[in-house]
Amino acid sequence: MTTPAHTGAPGGVDVPVAAPARHLYVHLPFCAHRCGYCAFVVETGGLDRRDDYIAAVICEVEQRCAEIGVLDTIYLGGGTPTLMRPRRIARLLRALADRTARAAEVTVEANPETVDGAQLDALRAAGVTRVSLGAQSFRPRVLERLERRATAEQVEAAVRCARRAGFDSVGIDLLFAVPGQTAADLEGDIARALALGVDHVSWYELEIKPGTALERMGAAPPDEDDAADAYERIVDALTAAGFEWYETANFARPGHRARHNMAYWTAADHVGVGVGAVGTAGGLRRRNAPGVDRYVAALRAGREPAHAVEALDADTRRRERWMLGLRLADGVDTSRVGPPDHPVALDDLEDAGMLVRDGARVRLTHRARFVQNAVAGRLMDFAA
Amino acid sequence: MNGVTEQTIRNFCIIAHIDHGKSTLADRILQITGAVSEREMRDQILDSMDLERERGITIKAQAVRVHYTASDGVTYQLNLIDTPGHVDFSYEVSRSLAACEGALLVVDASQGIEAQTLANVYLAIESDLEIIPVLNKIDLPQADPELHGRAVADLIGDDPDNVLRISAKTGEGVADVLEAIVARIPPPEGEPAAPLRALIFDSVYDQYRGVVAFVRIVDGGIRSGDKLYAMQTGLSIPADQIGIMSPRMVPVERLDAGETGYIVTGLKAVGDLRVGDTLTLAHNRAAEPLPGYRDVKPMVFCGLFPVDADDYPDLRDALEKLSLNDASLVWEPETSQALGFGFRCGFLGLLHMDIVRERLEREYNLELLATTPNVEYQVRTTSGDEVEVHSPAELPAPNSTEVIREPYVRCTVLVPKDHIGAVMELCQERRGTFVTMEPIENRQQIIYDMPLAEIVMDFYDQLKSRTRGYASLDYDLVGYRESPLVKLDVLLAGDPVDALSMIVHKDLAYARGKALVERLQKTIPRQMFEVPIQAAIGGKIIARETVKARRKDVLAKCYGGDISRKRKLLEKQKEGKKRMKQVGRIEVPQEAFLSVLTIQDGAKK
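So the sequences go chain by chain: Y and W.
For the first sequence, our numbering assigns the number 1 to the initial residue and increments by one for each residue that follows.
For the second sequence, our numbering assigns the number 1 to the initial residue and increments by one for each residue that follows.
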């Protein structure tokens, strides 16, 4: 067992020496419309503030330069980042250029209806290596329910253009457990998703969150068995097609895992800039406040934008590492993460065929990955 | 005698069905007589405990003295002795009645007479009390004082014109009530010169004073500092402090014949003092004690277990503290294979059980699991021993059991005529034996003898739901009867769970077993593994259901901004599990242990 650069705190938790983060998240909040299931920090008006916003984000990066090291990954999320148009994204990436590693992964989330071939070419030229296209579904009825504007044809066109533009990875996002989504809808989505020939698929169970249009209309999620049927079907179909189910909701062809997201799941330090952005570094989780105007005003005046900080103690971080690591096909590296609160439960769960131990690694069996919360609850004392 | 003679004393109580306005009327009397100033006035001042206040019921009887100058110009001493309004506490009603010469019978003018009203009226008539009928809530639009006034008059054999019509809420007519108390209730008739005889009609534990006894002086008098002697228990009690409730405790120098008051006894637990005992003077004893009360015995038992085994000593302390003030609460240690260490507790009834459990959880901050309540069985074994059984686990094996007897109650239901069928059907289903039936005003009084075990189940809920809320219920223990009873066991994942066992009539065992496993199947959440649930009698499986394994329990999306939220979700999930008990590999929610209470619908099929 090697000893990385950390101090052995009680309970075997590693407390990293605060090194600058190698992962940066940038939140680009502008959207043309708030979708029916969306509870993110977005703003649907005031597009004339986009230049000011990019300038402010660059200011925040400069303000926090001590936290940001040589970046291995950059993720531009939204919102609808592609609503920023390629030139603003290029401006941002230029500002980050001298702290971006040569082989960095630079991801942009894209709404298929907002990009054409020329724009994707421009993004590629600006240094973007990876696009994640928000499809959510290919079925008109389901798209309508979600208030999504991109049609199946637009998604297919965007994937084709992205391929031509030469990105290293092209991925799509999809949803299941949408109220009213039938088994036939799901089969249709699976077939079309596979036919696209993308490198990466994120397929999420829909959460009906407070404050969304779906919640207001009283939409009910499907019951556990129906949702489980859909989930199992998705996992089976994608793995059969050569995708690796490498994280709870994520599937990749070999070599196409999202490196930025892997940083979250392995609890690597990361910095978030922009309104509503969240980052965790050096045991502190920082969450910027929403509100583009106040954000821009603060940075223009040379002040820090409004934000909240949550201090994470060693036990909380260890529990989070377990919680996140159990999501991964690779599981948890106990030599790095430390033991669970209930090591005996490891034996019980292993006997019950829920997990396997492979040296210092603990990973969930195929079946157990569907019930990972219950497993996490057995291993760890999550307590407020 | 403080200028007071027995002639100017009136001792009375208020009897009423729950929610008919007894406490409001008591408050109003305190207010009108100036015992409580406007500023001090808070609603239902006599119900001092929060829990009582919330549930709108009175548990502990108290005596409050007020002074009232009547229209004849004379100032009277009125002693209001509060009575509980719930069937579980009917024994306390009879205690209070023995300390009075009169009773206000308060009936809701919109609802009329209820079963408990009847029961208490009969008690008052038996105790030879002067009854003043009062229709309350005449301000309500749905009040029908004509109809209910006639009925109340019929019930007590009085003239309908003598029925007072009031609204305790607005104060209308309350002055007439005070005049009626003075005019109609006779003064006490004790012998002031005879040796002391004081009836203990209630007691409370006070954390600073110890046990405080509430007494009615029948003959003679007590001076502060007297040495007292309890005639039944033989205890010597120094009357270090005596006083009256006004409504706060006010020390006095002497209490005389006809008066009520309190005595600070210096005792440490209410159980040391027997309510119903007669106090006399140590140096000048009375020849005969006053007639006492029958002993109160717990009727309903259940196991209480701490969710967290480390809380066991705290639970014991809490029960000890509650017992200081509640002599009818009994408990002893119990060990369950499924639930660990806990206590088997005995209660007067279901409400009493609920109140105790809630106080333990709320005032002592304990997380508890309660097992299904059961009654006390009497078993004669083949070797001729008589055994009292308070839990299914204690039931001797069938081959060494000669006879099992269970407690029966006489159950009085009062219901509008169009629900008679529903009530009779319910009583028959619950092994009831018809006794009699007669009309009372526009309703029917139906009397059945029923096993108490059937009442302890969801009988009251069923009665209410099948009569659209119109039925009212009262019951009284009538003795033990032999029954063919068997123990029904429940197995989770193949292992018997002692805390889920129940004692049932053999003819109902199959249906109840089936209903119980169905109920448990709905109550026990899906686990990581499939959980078979079986019901068995003497090792023979009679019913089976399965809780399916969980198939999906994941957090869909988890990126940088989601981590805290997801962690909190797991924390919440953990919080939810606190109400669960780990039984082997299975997490069983608290409700499961009470499932037996609500299986009746299933058993009906």
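Just so you know, these hints were derived from the structure itself, not from any lab.
Where a beta carbon is used, it is the ideal one built from N, C-alpha and C, also for glycine.
Please note that the accuracy of each hint is not assured.
Distance ranges between label pairs, derived from CB positions [claimed, not checked]:
id, chain 1, residue 1, chain 2, residue 2, range
1, W, Thr335, Y, Ala308, 44 to 52 Å
2, W, Ala309, Y, Arg141, 50 to 58 Å
3, W, Arg544, Y, Arg361, 39 to 47 Å
4, Y, Pro343, W, Lys321, 33 to 41 Å
5, W, Phe341, Y, Gly353, 53 to 61 Å
6, Y, Pro343, W, Thr335, 27 to 35 Å
Hint-by-hint comparison with the structure:
1. The hint said 44 to 52 Å for the Cβ distance between Thr335 of chain W and Ala308 of chain Y, and at roughly 49 Å that hint holds.
2. Look at Ala309 of chain W against Arg141 of chain Y: about 54 Å separates their beta carbons, and that is inside 50 to 58 Å.
3. Between Arg544 of chain W and Arg361 of chain Y the beta carbon distance is about 40 Å. The supplied range of 39 to 47 Å therefore holds.
4. The hinted range of 33 to 41 Å is satisfied by Pro343 of chain Y and Lys321 of chain W, whose Cβ atoms lie roughly 39 Å apart.
5. As the Cβ distance of Phe341 of chain W to Gly353 of chain Y is approximately 33 Å, the hint placing it in 53 to 61 Å is violated.
6. Between Pro343 of chain Y and Thr335 of chain W the C-beta distance comes to about 29 Å, which sits within the given range of 27 to 35 Å.
Hint check: a violation occurs at hint 5 only; the rest are consistent with the structure.
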